[in-house]
Amino acid sequence: MTREPAPAPSMSGFDLVAAGPREASDPSGTAAARESVPPGNPSVTALRGHFAEAVFRNRICAGDEDVVYVDPERITDILGWLHDDADQHYDHLADVTAVDYGGGRPLEVVYQLWSIPNRAALRVKCELPLDALAIDSVTGIWAGANWLEREVYDLFGVHFNGHPDLRRILMPDNYAEGHPLRKDFPLRGRFSRAEQTRRALTQDPEDYYVPGEIGERTPQVVEGDGGAGADSGAAGGDDV
Amino acid sequence: MGLDKPGLLGSGTPTFLTTRLDFVVNWARRNSLWPMPFGTACCAIEMMASAASDYDLARFGMERMSFSPRQADVLICAGRVPYKLAPVLRRIWDQMMQPKWCISMGACASSGGVFDVYSMVQGIDTIVPVDVYIPGCPPRPEGLIYGLMMVQEKIRGESLANHTALRAEDPLATGRPRAGDEEVSDLTGPFGNSTHQNRVSGLVETDAIGRAEDRLP
Amino acid sequence: MSSAVDYVVGRNPEMGPDGTPVPSPIDPFDVPEPELGSSTMLVNIGPQHPATHGVLRLVVELDGETVVSVVPRLGYLHSSFEKLGEYRTWNQIVTLTDRMDYLAPLIYNCAYVMAVEKLMGIEVTDRCRVARVICMEMDRIFSHLLWLGTWSIDVGAFTPFLYAFQQREKVYRLHEALTGARITTSATRIGGMMADLPEGWARGVREFADNLPATLDEVDALLTCNAIHVGRTQGIGAISAEEAVNYGLTGANLRASGVPYDVRKDRPYYDYESYDFEVPIGCHGDCYDRYLVRMEEMRQSIRILHQALDRLPDGPMDVEDPRISLPSKTDCMSDMESMIHHFKLITEGIPAPAEDCWFSIEGSKGELGMYVVGDGGPKPVRWRIRPPSFVNLSAIPRLAEGHLMADLIMINASLDIVLGEIDR
Ligand code: SF4
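Protein chains in written order, with numbering that gives the first Met the number 0: chain A, 0 to 239; chain B, 0 to 216; chain C, 0 to 423.
This is chain A alone, in the form it adopts within the complex (with noise of 0.2 Å):
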C-alpha cells in the first residue's frame, strides 16, 4: 500500500557525479525551481495550496524523497498544519538534525515525518543563515522533539525558541570549545589535549546534581507546608 513512487529524475547516480558537485542550496535557482515542480506528493500540492508563500522550492531526492524547503518563521504554523490536518496526518516525528554545508552556505534544519495511517513520508527542510541560528521548537506539537531538539543546540548552536528545556545534551554543560558538528569546528576540538584532559578532571562528577533542573520542585520550595506544596509543585512543573 505504498504510494506510487515518483518519476525519478532524468539524472542519477554516477550522472548526477559527472555533473559536478553543485551549490546544496541555490538561492538563484529559487524562482526556478518553483516553476518546475516535480509532481507527485500530494502533501506538497496542499501544503502549496495551504502555505503559498511560505513554500520556497521542493525537489525530489534519492529518487523518491519528497523535500520541501519552508520558511523557518512559519515552521510550527506548517507542522502543525501537517501533524492536525486529517488528509495529511504525519503523526510520527521521526527525525529533527541540521546539516551545515560549510562555506558561509546556510544551515539547514531538516524534519522527517512519517504519517503512520498515511504510510507517506515527508522531508521539510529550513536554511537559516549562520548568524541568525534560531527557529521556534516544534515540541508543542511532538513530545519526541524534546531531546532531538537539544541535540540540534548542542552540536550545532541552533536555538529552539519555546524548548521547555534547552541545555546541552551530549556534551558537558560546561562546554567551551563551541558546537561540534559545525564545519569550522577541528575535529580534534579547538584545545589542546592537556588542556582538554585538564579540564575534563576538574569537573566535579556532583556538580551536575543540579536541582534547579528538576524545575521547581526543588526540595526546600515544599517545605513548611508539608504535602500539599510538594503536590502543587508537581503539578506545576508537569509541562514534558
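These are calculated hints, taken from the structure and not from any lab test. Even glycine gets a Cβ: it sits at the ideal position worked out from N, Cα and C. Fair warning: there could be bad hints in the mix.
Unchecked claim - What the simulated footprint calls covered on chain A by chain C, stretch by stretch (three residues with Cβ under 8 Å from a Cβ of chain C suffice, anywhere in the stretch; the number is not a length):
#1 56-63
#2 144-151
What the hints assert, rightly or not - In the SDA-like style, the derived pairs of lysine to any residue whose C-alpha atoms are separated by at most 25 Å in a straight line are:
#3 Lys169(C) / Phe59(B)
#4 Lys169(C) / Asn210(C)
#5 Lys169(C) / Asp55(B)
#6 Lys99(B) / Met64(B)
#7 Lys169(C) / Tyr145(B)
#8 Lys169(C) / Cys136(B)
Since the structure of chain A is already known, use the hints to place chains B and C with the ligand on it.
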C-alpha cells in the same frame, strides 16, 4: 608493627622472612583478584562474555565482579572513555583501596583507537596509571583472561619491601591528570594521518587553538 | 504522648467488630509526625552502575520510594561518530557503524550501506539482498537475547541470562565465521558484502534457528507466568498508543502500546513484503507487554530466517560495476590494470551525488534511520543516524513518574537501550 624497620622488611636486602611472607601475601592477592568492571562500550560486551558461560573468568580467581570500587582490586576499563566520563573514571580509581591494579582493555581505552576526536580521552593512562594494556578492537575473551594473568604475574614479582614506594599516592593528586601537560601532549599526538585527512570537498583545515583566555586559571 | 495511657496508637483509628471506627482515647493525628514526606530526595544512578546498561546516568527525585521525576543525563559515551564520518570515505564509515550498536552490529552495517546505495542509485544483487536479510534477522535475535539476559537479571533471575548467553555464543561464532570478528563485524561494503558467505555458514545459521525455540520455550517457562516477574512488570510504565506515537517511540516499545508500525511491513525493503511473518503487538503498553512482544519477535525472526535460507540464490555477491566493487585479490596480484583499479578505488573512494537521502529500517531497538548527505565527493557532508534508543529513552521521565524506584529499573530495562547509539 615495625614491619617497615630497616632490616626486617624495609629497604634492606631481602631476608628469609620477607621472601616467605612476600610469597604468601602475593599468592593470596594473586588468586583472589576482584575486578571492578568499568565497562562502557563494545569491549564491555566482550567482558560480559568472558564472565558468562563459555569463558568463565571465575576459574582464575575473579569469582566476584565487584561493582563497588571499594571492594575491588583490579579496575578493568573496557571501552571508550570520553572526556565527560574522565572524572568518573578518576573518582572510581581514587576510591579503590591499595593495593590496586588497572587494566586498559581495548584500543580505545589504551590510545583512543579510531576515535581521534574532540570528545575522547586519548588513552586512559593520561588519567590513571595502567598496569596492563590489552590490544584489540575488541580483545577476545581469551585476551582479557591473558591480561588478567599478566596482572597476576606482576603481583608475583612484588615485594612488601618496596611496597610503600611502589604504591605511594599523593593525596593532592586526587582528581588531577596523572600525566603532566607535556606528557599528555606526547601521548596524544596525532597518530598517522588520522586527523590530517582533508575533506576533499573543500573544507578549510583549522588548527587547534590554544587561546590564552580559554585556559583555566 | 503526654497522656497516661501507654499504648501506642497507630495512624488508623481502631476498628470495632462491625468495621466502624471506635473512638480512641487519643486522637491518632495528635501524635506529632516526624518530618517525613515533606521533602524529596535526590538519588543518582550511574553513570557507573550495573543496572543502567551502560554509562547512562539518571538523577531521580524520590518522595519516599516513589519517583517524582527522572532526569537522564547523557553524553558519557559521546564518541563523535557523526563528526568522524565527515572525515572518512563512504566505505570507511562501515567500520564505525558496528561500534555504535555493538549489540546488533550487522543491522547497523546493513542499514548504513543501504542508505548509501540508495543515495548512489545502486541496486545490489539478489544473493546480497537475501544474505543481508539473514544477517539482519540473526542480529535482531542476537540483540534481543542480550536484552533478555539483562532484563532477567534486573528482574532477579540469573538462569535466563546464562541461557541467553549460551545462544549468543553461537551467534558470535557465526559472526566470526562470516567476518573474523566476534562483535565488530564490518561485514558490508557499498554494493555488496565484504566477502561471500563462507562454506557451510548457511547450515550453521539454520542449526542456530532450529535450536533457538527450545531455549525460548525454557525461558518462557521460567518467566512468562512467574509470579514475581508478572508482579514486577504488569501495569508498570504503561503508555497509551497516542502518547507513544507522540513521543516518537518505535520498535517493540511502540508495538507494545498497540500501534502496528513496523518498517518491514509499512515501507518494505529487500522484499520483506514477500516473507511470511507477523508483527506482534501488545495492548497495555506496559513492561510486560514489551517483554511479550520481544519474545514473539524472536520467534518471527526465526520464521524469516528459515524462509530466507530457503530462497538464498546462487550468483555473485557484489555488483559488477568497476566504479564500486574491488577487483578480486587474485587479479590484483597478477595484472597491472586491476592493481591500478584497486589502488584508485581505495585511495579515491566512491563519489556520491550532491543529494541527501533518508533511509530507515526496522532495527532491533526501533526505527533506525540513516540520513546521508553527499556533495559529489567521496566523503559525506553529513552522516546522521536516527538513534531509536535515544528517542525511546526520552520517554523515560514520563514512563517512570509515580512508580516505585525498583520499577524504574524495570522500565529502563524494558526500553532496551544501547548507550553507544544514544550518545554516538
Ligand atoms: S576498542 Fe573497539 S571494541 Fe573496544 S570500545 Fe573501542 S571501538 Fe569498541
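Against the structure, the hints:
1. Coverage of the region 56-63 of chain A by chain C holds. Counting CB-CB distances below 8 Å, 3 residues qualify, and the rule asks for three or more.
2. Residues of the region 144-151 of chain A with a Cβ under 8 Å from some Cβ of chain C number 5, which satisfies the need for three, so the listed coverage holds.
3. With a C-alpha separation of about 24 Å, the suggested pair Lys169(C) and Phe59(B) falls inside the 25 Å cut-off, and the hint holds.
4. With a C-alpha separation of about 10 Å, the suggested pairing of Lys169(C) with Asn210(C) holds against the 25 Å cut-off.
5. The straight-line distance between the Cα atoms of Lys169(C) and Asp55(B) is roughly 16 Å, inside the 25 Å bound, and the hint therefore holds.
6. Our distance criterion of 25 Å between C-alpha atoms is met by Lys99(B) and Met64(B), whose separation comes to about 15 Å.
7. Proposed proximity of Lys169(C) and Tyr145(B) is supported: the alpha carbons are some 23 Å apart, at most 25 Å.
8. This hinted pair checks out: Lys169(C) and Cys136(B) have alpha carbons roughly 20 Å apart, not beyond 25 Å.
The structure fails none of the hints (numbered hints given earlier).
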